[in-house]
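Protein chains: 2
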Amino acid sequence: MGSDAGPAAILAGAAVARRRHPKIRFLLHGDEAALTPLLAKHKTLADCSEICHAPDVVRMDEKPSQALRRGRNSSMWHAIDSVAKGEAAVAVSAGNTGALMAFSMFRLGMIDGISRPAIAAIWPTMRGQSVVLDLGANAGSDAEQLVDFAVMGEAFARAIFGLDRPTVGLLNIGEEEVKGVESVKKAAHILRQSKLPIEFHGFVEGDDIGAGVVDVVVTDGFTGNVALKTAEGTAKLVAHFLRQALTNSLFGRIGALLASGALRALRAKMDPRSSNGGVFLGVNGVVVKSHGGTDAHGFASAIDIAIDMARSDMLARISADRAAIAIKDEPAPAQNPTGPTPGQPEAAVS
Amino acid sequence: MGSDAGPAAILAGAAVARRRHPKIRFLLHGDEAALTPLLAKHKTLADCSEICHAPDVVRMDEKPSQALRRGRNSSMWHAIDSVAKGEAAVAVSAGNTGALMAFSMFRLGMIDGISRPAIAAIWPTMRGQSVVLDLGANAGSDAEQLVDFAVMGEAFARAIFGLDRPTVGLLNIGEEEVKGVESVKKAAHILRQSKLPIEFHGFVEGDDIGAGVVDVVVTDGFTGNVALKTAEGTAKLVAHFLRQALTNSLFGRIGALLASGALRALRAKMDPRSSNGGVFLGVNGVVVKSHGGTDAHGFASAIDIAIDMARSDMLARISADRAAIAIKDEPAPAQNPTGPTPGQPEAAVS
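In order, the protein sequences belong to chains A and B. So the first sequence is numbered by numbering that gives the first Met the number 0: it starts at 0 and just counts up by one. So the second sequence is numbered by numbering that gives the first Met the number 0: it starts at 0 and just counts up by one.
For reference, chain A alone in the conformation it holds in the complex (with noise of 0.2 Å):
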């Protein structure tokens, strides 16, 4: 456990995790004689956790390819590992993303298929929820790649939302046909020839993803990571012009008084803790990453997350949809579960 969040963050996030999912066991990968004491204090955790002794943490300013070198007796390792070796159904960390995905990709491979990653991350919306893809994981994707990435988005928002056949557009800068660059436009011939299990909605624009037009918002991991980023500078900008507004005038401090319970649950809604964690599509196993600057409730709720998309069948899924594109003509192969068996959740704590 290196993350910036410290191990009694993660620990606390771990003990409410396990309020809400009273069969989930935990092993605890860290430094032994720091969890031990940590741990005590949460006796109903203590009960369903095992730590698991790892000498070395990965540094958050390591860069991937130094932490693949020098990271083998990491706690991000080892809790890597244990999803490998079936040990556990889930890996969750707040560490160093590129370290964790590159630990991810070595050590899990890749799903049959699929030649990148992606980063996904649940978006709030004027109609709930959607899942927006990729977010960084790539610099920027070619035409093939973002089909993997619709693939991946779908199989995501039918875990996590439960949908049967969930809308999917491609982030565009105009819903015409001729607009936007090449691969964009590719990857739309594509999906619109696909039998996927989708609704395939073809173009959307930037606004569209908070209003929620579709369920899976798909784009390459340089505009996804802006698009990301930029929203979360905007919804900071506005409240900082409401609390200015709010305490310029006597009315409009008395006004904020009285409606500081709404005031509150807006908070709340916007909260990114309640939403945390980025998922690592496309690698053979289920990794979350956690912000590194979370708490307890924020380190619970990608928890949650993980535990959902292990009890799917999202990893063969993902298999099976993109097989399906391959061989268009063809039956779509058996389905064939790939990663951990779904049941009981075993997660791997970083």
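Derived from the structure by calculation, the hints contain no laboratory data. Please note that a few of the clues may not be correct.
A short, non-exhaustive set of chain A residues, derived as facing chain B with CB atoms under 10 Å [said to hold, decoys possible]:
#1 G139
#2 V183
#3 A255
#4 L262
From chain B, some residues computed to sit far from chain A (all C-beta separations above 12 Å) [claimed, not checked]:
#5 G5
#6 R24
#7 T35
#8 R115
#9 I172
#10 S193
#11 H239
#12 S259
#13 A319
The list that follows gives simulated cross-link-like pairs (lysine to aspartate or glutamate, DMTMM-like), each with its CA atoms no further than 20 Å apart [unchecked claim]:
#14 B/K184 <-> B/D141
#15 A/K235 <-> A/D206
#16 A/K62 <-> B/E181
#17 B/K62 <-> A/E181
#18 B/K42 <-> B/E31
#19 B/K40 <-> B/D294
#20 A/K235 <-> B/E231
#21 A/K235 <-> B/D141
#22 A/K22 <-> A/D55
#23 B/K235 <-> A/E231
#24 B/K84 <-> B/D312
#25 B/K184 <-> B/E143
#26 A/K84 <-> A/D111
#27 A/K184 <-> A/E231
#28 B/K184 <-> B/E198
#29 B/K194 <-> B/E231
#30 A/K194 <-> A/E143
#31 B/K235 <-> A/E143
Keep in mind the model is a prediction, meaning the values are calculated, not measured. Even glycine gets a Cβ: it sits at the ideal position worked out from N, Cα and C.
Let chain A serve as the given structure and place chain B on it in line with the hints.
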């Protein structure tokens, strides 16, 4: 005047601008029979305006290529033509963006040394306002074009904000040197070596836009368009959540009533009309695109921006600064103003 806004809103906007800029004169391009009775309602505006009859309009759904073929009798073409002939210092239109850009490039030509135009806009931030470009004139951009955008953005920021050395940042998905797409990294390298009169800040991320970390944010047209629309969608989403929160309880409703002045001030601050106007940079003349659905207030803001640009040496500056990068080891060429001479502004309105 073939925009969604309709000539009545446009003329009302011109009348507002006339009150702010008593020396302004207008060439109003459009259907004379429609404009004459409308103009009669604005006495002061009528005194400084000339109606230039144009029998045709460019429709909002027309493709730029179509408009170029059959739009030579349109009010939009005539407005750009009057800038090209030096009859007007600036053109402002709420019409079809693609056609307006095509006409501007075709009739005004490009500034020396600039290969592609960009659309820039003013973005509200925690520190005040920043310039963001390109917002969709191009679907993607290489390193050289990003450098063009940086030069155009700093010249625009100087003209609008009166800054001596604007800070400039390149939008990327991490602040480290190693991250991001090749074109962005290469552009950073060129800008770092350049002797432009700017503070080159390096990379910025999506959330830095709203935070106002730099005066000018440079990105390709695809990413910029997605960022702009995602920000608009997020602002709408937060407003939606705020309304929901404030109407959910009695105290919330009373509080909102008391704070209604403050909330109105917030709405005014977030109002896209007050920074209305996509500025066309790179073409050899001042052309500002107002939002199609805007009102008098919004159209007047677009005219304000155009006037600030016309009064500055922006066009000459772009050419000189771009040349200073191309010929690094030789002295920059003497500034040779292109386009209409600044001074008493004359606005062509279509």
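Is B/T35 truly not at the interface, in the sense that its beta carbon sits beyond 12 Å from all beta carbons of chain A? B/T35 clear of chain A: closest Cβ-Cβ about 36 Å, beyond 12 Å.
Non-interface claim for B/H239 versus chain A (Cβ beyond 12 Å): violated (5 Å)
Pair hint A/K235 and B/D141, alpha-carbon separation not exceeding 20 Å: With a Cα-Cα distance of about 31 Å, the restraint between A/K235 and B/D141 is violated, given a limit of 20 Å.
Quickly compare the C-alpha distance for B/K194 and B/E231 to 20 Å and report which way the hint goes. Since the Cα atoms of B/K194 and B/E231 sit roughly 35 Å apart, the hinted pair is violated (cutoff 20 Å).
Are the Cα positions of A/K235 and B/E231 separated by 20 Å at most? At roughly 13 Å apart (the allowed maximum being 20 Å), B/E231 and A/K235 satisfy the hint.
Tell me if the interface restraint on A/G139 is satisfied: Cβ within less than 10 Å of some Cβ in chain B. Holds: closest Cβ of chain B sits about 5 Å from A/G139, inside 10 Å.
Tell me if the straight-line CA distance from A/K235 to A/D206 falls inside 20 Å. Holds, at roughly 17 Å.
If we take the beta carbon of B/I172, is the closest beta carbon in chain A still more than 12 Å away? Given that some Cβ of chain A is not farther than 12 Å from that of B/I172, nearest at about 4 Å, it is violated.
Need the status of pair B/K235, A/E143: alpha-carbon distance at most 20 Å? Given that 20 Å is the threshold and the Cα spacing comes to 33 Å, the pair is violated.
Going straight from one Cα to the other, do A/K22 and A/D55 come out at no more than 20 Å? violated (29 Å)
Cut-off 10 Å, beta-carbon criterion: hint that A/V183 touches chain B: This interface hint holds because 8 Å falls under the 10 Å limit.
Beyond 12 Å from every Cβ of chain A: is that where the Cβ of B/R24 lies? The claim stands: B/R24 keeps its Cβ more than 12 Å from every Cβ of chain A (closest is about 36 Å).
Violated hints, listed in ascending order, are 9, 11, 12, 21, 22, 27, 29, 31; each of the other numbered hints is respected by the structure.
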